[in-house]
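The chain contents come next:
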Amino acid sequence: MTVRILRRRELIEDDWTDAGATAEDAGAGGAWAAGGKLIVTLERWRSQRQALLATHAAVGVLVPNTADVEAIYPEVSGRPLLALQFPTFSDGRALSQAVLLRKRLGFEGELRAVGDVIRDLVFWLGRCGFDSIVPRQDQSLEACRQALDELTVAYQAAADDHAPVWVRRRKTAAAH
Amino acid sequence: MYRYDDIDRALVTQRVEQFRDQTRRYLAGELTEEEFRHLRLRNGLYQQRFAPMLRISVPYGLLESAQLRRMAHIVRKYDRGYAHFTTRQNMQLNWPKLEQVPDLLAELAEVQLHGIQACGNDTRNITSDYLAGVAADEHIDPRPYCELLRQYVALHPEFYWLPRKFKFGFTGAAVDRAATRTNDVAVHLVRGADGAIGYRFFVGGGLGRLPMLGQEMNPFVPESDLLRYACAILRTFNRFGRRDNIHKARIKIVLREWGPERFRAAIEEEYSKISASLEGEELLLLPQDIERVRAHFTAPAYRPLSQVGANIAGMAAADARFAAWVKRNVRAHKAPGYRVVFVSLKAPDRVPGDCTAAQFEALADICESYSFGELRSTYDQNLVLADVAERDLYELWRRLDAHELATPNIGLVTDIVSCPGLDFCSLANAGSIGVAQDIYRRFDTLDAQYEIGPIRITISGCMNGCGHHSVGHIGILGVDKHGEEWYQVTLGGSPGNDAAIGERIGRALARDEIAGGVERLIATYLELRCDEDETFIECYRRVGMAPFKARLYENESEGAEAEAAEAA
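If you read the protein sequences in the order shown, they are chains D and E. Whatever position you read off the first sequence (first residue = 1), add 1051 for this note's numbering. Whatever position you read off the second sequence (first residue = 1), add 24 for this note's numbering.
So here's chain D without its partners, still in its complex pose:
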């Protein structure tokens, strides 16, 4: 079954299989089919790294929102995708993880939000550097896409294109 998600502002069929969501070992067949792109838990990545790399085209890692991303970054820095968790939409720990991954650690791969992701979280996700969003099943993807631009002004920089307002005002002042 394919899942439609929001990636870089577009609605697409997801080409990743999320084995992280079902932590049980599904063996070599089924959803885990060799050759595909697979997201695994950090635990599995640590214990089966070589085997996973040998059998799959790409391996992404699901990082628990309690993880210290600075501490674990050497283990996952080369991954094409990292998925961060929202056990409830109001649990903002992964927002700090995302900002640290993007701004401090320089992660340039796909940064994915998974879990209880509702449309009203999407704007904040975009600002914190998530470029891949898997909304909760009942959410409208199109509404989520529009929510990325819910507000067009921001006071502070995060992990998107907004410059801090105090920096912008320096430029305004210089122009006068």
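In short, the hints are calculated from the structure, not lab data. Be aware that a few hints might be false.
[As the list claims (entries may be wrong)] Here are the simulated EDC-like cross-link-like pairs (lysine to aspartate or glutamate), alpha carbons at most 20 Å apart as the crow flies:
{"hint": "1", "chain 1": "D", "residue 1": "1222", "chain 2": "E", "residue 2": "30"}
{"hint": "2", "chain 1": "E", "residue 1": "297", "chain 2": "D", "residue 2": "1121"}
{"hint": "3", "chain 1": "D", "residue 1": "1154", "chain 2": "D", "residue 2": "1211"}
{"hint": "4", "chain 1": "D", "residue 1": "1222", "chain 2": "E", "residue 2": "306"}
{"hint": "5", "chain 1": "D", "residue 1": "1154", "chain 2": "E", "residue 2": "305"}
{"hint": "6", "chain 1": "E", "residue 1": "358", "chain 2": "E", "residue 2": "398"}
{"hint": "7", "chain 1": "E", "residue 1": "189", "chain 2": "D", "residue 2": "1142"}
{"hint": "8", "chain 1": "D", "residue 1": "1222", "chain 2": "E", "residue 2": "293"}
{"hint": "9", "chain 1": "D", "residue 1": "1154", "chain 2": "E", "residue 2": "293"}
[To be verified] Partner residues are not named here, just some residues of chain E that face chain D (Cβ under 7 Å, in silico):
{"hint": "10", "residue": "42"}
{"hint": "11", "residue": "181"}
{"hint": "12", "residue": "185"}
{"hint": "13", "residue": "266"}
{"hint": "14", "residue": "267"}
{"hint": "15", "residue": "394"}
[Said to hold, decoys possible] Over 12 Å on every C-beta distance to chain E, these chain D residues come out as not near it, computed from the model:
{"hint": "16", "residue": "1058"}
{"hint": "17", "residue": "1104"}
{"hint": "18", "residue": "1107"}
{"hint": "19", "residue": "1149"}
{"hint": "20", "residue": "1159"}
{"hint": "21", "residue": "1160"}
{"hint": "22", "residue": "1188"}
{"hint": "23", "residue": "1201"}
{"hint": "24", "residue": "1214"}
Built from N, CA and C at the ideal position, the CB exists for glycine as well.
The hints should help you fit chain E onto chain D, whose structure is shown.
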């Protein structure tokens, strides 16, 4: 007064439209109760006992006449003709209709008012010294720094879903009039040895369950690094604050569980990492950034003493009521010929902190006529006209008096701080307004109040402590026992420089015992004090709890004492 530019205006306007759409979707059944709860709280909207409550932020307590006029209009059009001032210097409406709130917010936005982050697990309204800019004991005006931080934390995407509410309080004066150390973060403006401005940071304060005072984290963060250090604290809280138990989610619990050394080390490490990175460059405030905001808070055009000074004693000799008001509600000002005037929101038979539409309108006119068009809200739920010429005092007093805004009781026993309590609030366990009024009536005569002198009575209707009972000289906490309202009394709390958390005296008192109990505590003080200059809190600190406790429970049988021991 800070003036919005196009960026500020666009932000509040877009925010209103965002909330309008959220409200529409909630009413259409597209958002669950729980989802909408988080969204509306971040716009100031609580669900109260009978209706929603809308909290309106008043950044660092500063208001101007246009905002007061708009509030008069708003409380008439959307509410029942009054609003309530809180201990965070904010305003609350108790009866708005949910479907009208987006329109209400749109009308507020036109005068630079909003409910952004007034509630919810986010950075709340920043409080500050209500005498900022005019107090003689001030070394640095904190308001420009409050405004810079306000903008930094407003709709901050990384810190929009914190474990729990998060509060900052600022002061730049010798006397702490903003109860700063009861906040999660207290920022004290200080000067270093070379005269450079910096910040002394305290972290981990908070009332409610387990009341604590903030502990010093860093004695001097340089002026350029306000946002860097704030970011370090907020990020540490967002990452490590507990999310498994709402009662253990404040930053004070992280501090307690880690201990001050580990906690300080974590914040300092994050601060140094931020400072060494690209993020640190973005967060660095240049002198010009601070100057630009400081230019919004310059002193008004004070006139020379010869045009404004007056013989107040002479004016007072002719009118005893005016004299009483001058004595209690008028304070010194740093500019010659000017005074600070307190507007009491503690008139007899009124709810502490309430302000009617007519009073809002009168205050708009009054502050335009006598105080450069500005008004401040205080930590004690009163208001301040900060820049009044001495020769206007009598006329001003008459106008305030005509609107029941001149009760001469600032800092006295009837200047009671109180949350809305069970009468309005769905969180409350017990009433607080009625208790405040009962106590008020016991000390109604001015002579009695002057005899007692400065004292702080604070009342909260539940453990959350909005009435700051933990830092009252006499603190009263409403509790529910088997469906009845009871009141626990604490003594010795204080929010100021001598900040302390009050100690519980003994068993709770019943609703009909509480006012009499307070009267006995005060009688004990009057008997024990060295002289008239020794205040209640000074006396309590000298003699301790025992004599107060003995007097409060003097008529109790041994059985009741055993019960008290058990309750303690």
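Problem set entry | Hints violated by the structure (numbers, ascending) | 8, 13, 15, 19, 23 and 24
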